[in-house]
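Undergrad: Please arrange chain B on chain A, whose structure you already have, making use of the hints.
As given, the protein sequences belong to chains A and B, one line each in that order. To convert, count from 1 in the first sequence and add 206; that's this note's numbering. To convert, count from 1 in the second sequence and add 87; that's this note's numbering.
None of these hints come from the bench; they were simulated from the model. Just so it is clear, the structure is predicted and the values come from calculations on it, not from any experiment. Wrong hints could be hidden among the right ones.
To be verified - Derived DEER-like restraints, expressed as beta-carbon distance ranges:
id : chain 1 : residue 1 : chain 2 : residue 2 : range
1  : A       : GLY586    : B       : LEU154    : 47 to 55 Å
2  : A       : PHE256    : B       : SER145    : 30 to 38 Å
3  : B       : PRO110    : A       : ARG245    : 51 to 59 Å
Said to hold, decoys possible - Partial list, computed: chain A residues near chain B (C-beta under 10 Å):
id : residue
4  : VAL357
5  : THR359
6  : GLN511
7  : GLN515
8  : PRO518
9  : ALA558
Claimed, not checked - What the simulated footprint calls covered on chain B by chain A, stretch by stretch (three residues with Cβ under 8 Å from a Cβ of chain A suffice, anywhere in the stretch; the number is not a length):
id : stretch
10 : 114-124
11 : 130-142
Cβ atoms here follow ideal geometry from the backbone N, Cα and C, with glycine treated the same way.
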Amino acid sequence: MTVTSVSAPPMGESRLLADHPGGPVPQVDLRSLVDLLTRAGLTGRGGAGFPTARKLAALDGRRPVIVGNAMEGEPLSHKDAVLLQRSPGLVLDGLDILRHALRPSRTVLALGARVPTPPDRRGIEVRRLADSFVAGQETALVNQLNGHDPVPTDPSTPVFRRGVDGRPTLVLNAETLAQLALVVRHGATWFRSQGLEDDPGTFLISLTESVPGLLDHPGVLEARRGVPLREVLRRGGADPGRVQAVLLGGYHGAWIPGHALDTSLSRPGLAPYGATPGAGIVHLLDQGACPLDVAARVTAYLAGQSARQCGPCLNGLPHMAQTMRRLARPGADPRLLPELERLQVLVTGRGACKHPDGTVRFVASTLRVFDRHVQEHLRGHCDKDHPRRAAR
Amino acid sequence: MTTRLHVDWTRCDGHGSCVELLPELLVHDEWGFPLSRTGEPDAVVPRQLDDLARRAVSACPLQALRLRS
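Extracted from the complex, chain A is given alone in its bound form:
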């Protein structure tokens, strides 16, 4: 297979956010593309981290529909918006390459409310869709593109079998598309020259803070897979001494305690905390904030984001949020802890999408990582800030 490189490959960790001169998009057939992506070891950058080559290979012979997912429904994520602002050509290149390899019946780029429209569309169907926390989940996205509500459907029929227009549907995150375009331009060896042996390449990180001033440069940066958390904080200009904990993976994610900043952003590094590199969301919690107060607000937000279709989620998440709210008050009843455990078991795995499970992951991580603070609350103490809600 010939890979036409019209420019020198970007060196260092800035790849997606480097300047891209553009030029003709190399065309490869499906078999070569699957082979190349397998050798590169590219995984999905939307959160789940599934191998991209296997996603392509899973499509059956029918003409598929290709969907670029730039919904970015997670409030702490900004990477898709920055990518479409900074390097929209790479995302479109990725879609072009797939269009050539898969001969789809439709190619769609789905944009959430905060994501800018690319200046050039190259005949790709660019759709600005209704967004919400769950609207970017694969089945919800397909449902909306089929003219229905932006809510998830039962996953027993996977979208790669039957999705948009009833066709096999390939949904790839915008960043995955851009990474794919770079792999095709510069090759698997180049791709693997950053990151880890079993998790190569770079990824975009959305770096945010719980109070203004914790970071000198909040925003989106690009780093190699496996970068230590401490290095990410340094690049954002954070004083590690002011960081109480780091929320990895957004509101469905898990906490890394402030004493564990040497943890690397890799699957094995994060596994002890129940976290994954996910979609690269890194949110810093300042020393002054009451983690239970923050967690209660997040849980209330998540309860409000239920698509209100599945009974255990619709009923269980508000109950969980209310219990977290009570635990956030110093002098909390110790019976709230077994109640939270009971609720976690009751909602896990009992929904069409991963919203209940993600909420449970967040709550369980909060209780584990901030166990000492929970005990303080049960004894009637809290030396941290509980900012009064401005609006509810």
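TA: Same frame as chain A, now just chain B:
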């Protein structure tokens, strides 16, 4: 080959006929939705309950129940 009882939660409204037909496998949770006794989200159906499981699937007024192998 194991058969599992799968609930499409987007359809289920807690009508309860499945729990009545399969008390060995299901109970009502506190909101009235079917809860697997085994703790797995999709309960394994033992062979001796095959017929009752099939009846539960056809009895569901919202077609929310499915057998998956």
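Undergrad: Give a verdict on every hint.
TA: We went through each hint and held it up to the structure:
1. Look at GLY586/A against LEU154/B: about 52 Å separates their beta carbons, and that is inside 47 to 55 Å.
2. Against the hinted window of 30 to 38 Å, the Cβ-Cβ separation of PHE256/A and SER145/B comes to about 35 Å, which satisfies the hint.
3. One distance hint, 51 to 59 Å for the beta-carbon pair PRO110/B and ARG245/A, holds here, with the actual separation near 54 Å.
4. A cut of 10 Å between beta carbons decides the hint on VAL357/A: the least distance to chain B is about 8 Å, and the hint holds.
5. Because the beta carbon of THR359/A sits about 6 Å from the nearest beta carbon in chain B, less than 10 Å, this interface hint is met.
6. At its closest, the beta carbon of GLN511/A sits 16 Å from a beta carbon of chain B; the interface hint therefore is violated under the 10 Å criterion.
7. Interface restraint check: GLN515/A against chain B, minimum CB-CB distance 4 Å, threshold 10 Å, status holds.
8. Hint on PRO518/A holds. Least Cβ distance to chain B is approximately 6 Å, under the 10 Å limit.
9. For ALA558/A, the interface hint holds, the least distance from its beta-carbon to any beta-carbon of chain B being 5 Å, beneath 10 Å.
10. Check result for the stretch 114-124 of chain B against chain A: holds, 6 residues qualifying (beta carbon to beta carbon below 8 Å, three or more required).
11. With 0 residues bearing a CB less than 8 Å from a CB of chain A, the stretch 130-142 of chain B misses the requirement of three and the coverage assertion fails.
Of the hints listed earlier, those the structure fails to meet are numbers 6, 11, in rising order.
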